[in-house]
Every structure is written in C-alpha cells, then in structure tokens.
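Chemist: Sequence:
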Amino acid sequence: MSKDKTKTVEALIKSNKVVIFSKTTCPYCKMAKKVFDDMKKPYKAIELDRREDGDIIQCILGKMTGARTVPRVFVNGECLGGGSDVKELYKKGKLQKYF
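Be aware that the sequence shown starts at 1, since it is given in full-length UniProt numbering, and climbs by one per residue.
Read the hints as simulated data drawn from the structure, not as lab findings.
Here the structure is a predicted model, which means the values were calculated and not measured.
Worth double-checking, as some hints may not be accurate.
[What the hints assert, rightly or not] For each label pair, taking beta carbons as the anchor points, the in silico distance ranges come out as:
#, residue 1, residue 2, range
1, Lys3, Met39, 33 to 39 Å
2, Met39, Gly77, 16 to 22 Å
3, Gly77, Asp49, 21 to 27 Å
4, Glu88, Arg68, 16 to 22 Å
5, Gly93, Thr25, 26 to 32 Å
6, Lys34, Lys3, 33 to 39 Å
7, Thr8, Glu88, 25 to 31 Å
[Claimed, not checked] Cut-off 27 Å, straight-line C-alpha distance, at most; resulting in silico cross-link-like pairs (DSS-like, lysine-lysine):
#, residue 1, residue 2
8, Lys41, Lys94
9, Lys5, Lys23
10, Lys94, Lys30
11, Lys87, Lys63
All C-beta atoms in this analysis are idealised placements derived from N, C-alpha and C, irrespective of residue type, glycine included.
My request is simple: use the sequences and hints to build the entire structure.
Modeler: Here it is in structure tokens:
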C-alpha cells in the first residue's frame, strides 16, 4: 500500500473538520450527508467510486479504522463510524458536541 496515498488520506482528514468517505450510490452515505446537511454543517465528501484510487483509499481506511465499509465519517480527525453511527449520535444529541 502506498505511503503517499496514506499521507493523502491523513491530510484530507486533518485539513477538514468533517470528512465523509463515500460512494455516490450508497444509501448509508446519503444518510450521513443528510445528518450534516440537517445540522447545516459543511463537510468534505470524498466519492470513492468517482476516483481511480478509490479502492486503495478504501483499503487504507480499513487499516486505519478497522472497517472498509462506507461511509467512513471523520469529525475533528476522529472516525465516528458509518451512516447509522452518525445518525444515532445526532439523535442522541452527542454529535453536536463536536461543533
């Protein structure tokens, strides 16, 4: 696995308050984006199915977070999990503490 790609992923996570590693057709990805849209919080969406290096990035995320599934949602550099995880945090009022 490319160290350069790993550094690219780490840089994306560090340089954006909210990063969603996503795929355009994934319903859970849409769920995660909707949570941040509803909160009126901007996010950086990295659409893995629109990138040539999407599979590589997904593997890197798997090593970083323990799961290759999308979405992988990062807030303030911390992986909060996927779409259901983020929606649950929002419903419980716990997601708001990150802002």
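Chemist: Each hint: holds or not?
Modeler: Hint check:
Judged by the Cβ atoms, the range 33 to 39 Å given for Lys3 and Met39 holds: they are separated by roughly 35 Å. Look at Met39 against Gly77: about 18 Å separates their beta carbons, and that is inside 16 to 22 Å. Restraint check, Gly77 to Asp49: a C-beta distance of roughly 24 Å satisfies the suggested window 21 to 27 Å. Checking the proposed 16 to 22 Å range against Glu88 and Arg68 shows it holds: the Cβ atoms sit about 21 Å from each other.
Distance hint check: the CB atoms of Gly93 and Thr25 are about 30 Å apart, consistent with the given range 26 to 32 Å. The supplied range of 33 to 39 Å is met by Lys34 and Lys3, whose beta-carbon atoms lie about 35 Å from each other. Distance hint check: the CB atoms of Thr8 and Glu88 are about 30 Å apart, consistent with the given range 25 to 31 Å. Between Lys41 and Lys94 the alpha-carbon distance is near 15 Å, which keeps this suggested pair within the 27 Å criterion.
At most 27 Å may separate the alpha-carbon atoms for a hinted pair to count; Lys5 and Lys23 meet this at roughly 18 Å. Of the supplied pair hints, the one linking Lys94 and Lys30 holds, its CA atoms being roughly 20 Å apart against a limit of 27 Å. As the CA atoms of Lys87 and Lys63 are separated by approximately 24 Å, the hinted pair is consistent with the 27 Å bound.
In summary, this structure violates none of the numbered hints.
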